[in-house]
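Colleague: Input sequences plus hints: build the corresponding full structure.
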Amino acid sequence: EPEVTQTPSHQVTQMGQEVILRCVPISNHLYFYWYRQILGQKVEFLVSFYNNEISEKSEIFDDQFSVERPDGSNFTLKIRSTKLEDSAMYFCASSETGTGGGWNTEAFFGQGTRLTVV
Amino acid sequence: AQSVTQPDIHITVSEGASLELRCNYSYGATPYLFWYVQSPGQGLQLLLKYFSGDTLVQGIKGFEAEFKRSQSSFNLRKPSVHWSDAAEYFCAVGPLSYNTDKLIFGTGTRLQVFP
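In order, the protein sequence lines correspond to chains A and B. With the working numbering applied, the first sequence covers 17 to 134. With the working numbering applied, the second sequence covers 1399 to 1513.
Everything labelled a hint here was simulated from the structure, so no lab data went into it. Some hints here could point you the wrong way.
What the hints assert, rightly or not - Partial chain B-side listing against chain A, Cβ under 7 angstroms, derived:
(1) Gln-1440
(2) Leu-1442
(3) Asp-1499
Think of the CB as a built atom: it goes at the ideal place given N, C-alpha and C, for glycine as much as any other residue.
Modeller: What follows is the structure in structure tokens.
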């Protein structure tokens, strides 16, 4: 069964360092997402990406964050200068079509990358 | 603003017992509703979803959920829990307009199953 894969599963980084979280979405999917979950809090939407551009982003997704689809298979989330509060589980997801109203499709999630900023 | 509430942070049941996990949402219209499960070391896996039609939906692993518009609820149930059901369960509300794709999640309920 196709699945979304994320690497690494756990990353520890020092405050101020840049990190890149990697995701391989399901191959025929066109829409890609990042969510995060700070320990004990809700899973929160960060950004959606379609047709090589950001289609929507949350207020969390500030200038420190960027996303890229560098080739036909990977989807990355970059945090330029990590802060302690960026420590969280980051989930990548993909969907065949947009999940917006009118599309009864679903998003498939990866297993997450646990980012720890020290 | 739309929101999802899962009142129970942690639930413990005995294997073979029935289970109900609560989910309430706040939204003016009927949203798309989802339940996801996250087993240790695994991604978020979709258990079931409600878009329209029959308000009792069946999912994988023997789970079902019932949409109750009058109570703004979408509770997840299973008649007999297995030890392998121990996991974290997330309720989510689907995209609420054509120009957004984001899901809104609850805080999750951690299920512990005792033999």
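Colleague: Holds or violated: is the Cβ of Leu-1442 (chain B) closer than 7 angstroms to a Cβ in chain A?
Modeller: At about 4 angstroms, which falls below the 7 angstroms cut-off, the nearest Cβ of chain A leaves the hint on Leu-1442 (chain B) intact, so it holds.
Colleague: Is the interface hint for Asp-1499 (chain B) satisfied, with its Cβ closer than 7 angstroms to some Cβ of chain A?
Modeller: Constraint on Asp-1499 (chain B) satisfied, holds at 5 angstroms.
Colleague: Does Gln-1440 (chain B) pass the interface hint, meaning its C-beta sits closer than 7 angstroms to a C-beta of chain A?
Modeller: Nearest chain A Cβ about 5 angstroms off; hint holds.
Checked against the numbered hints above, the structure breaks none of them.
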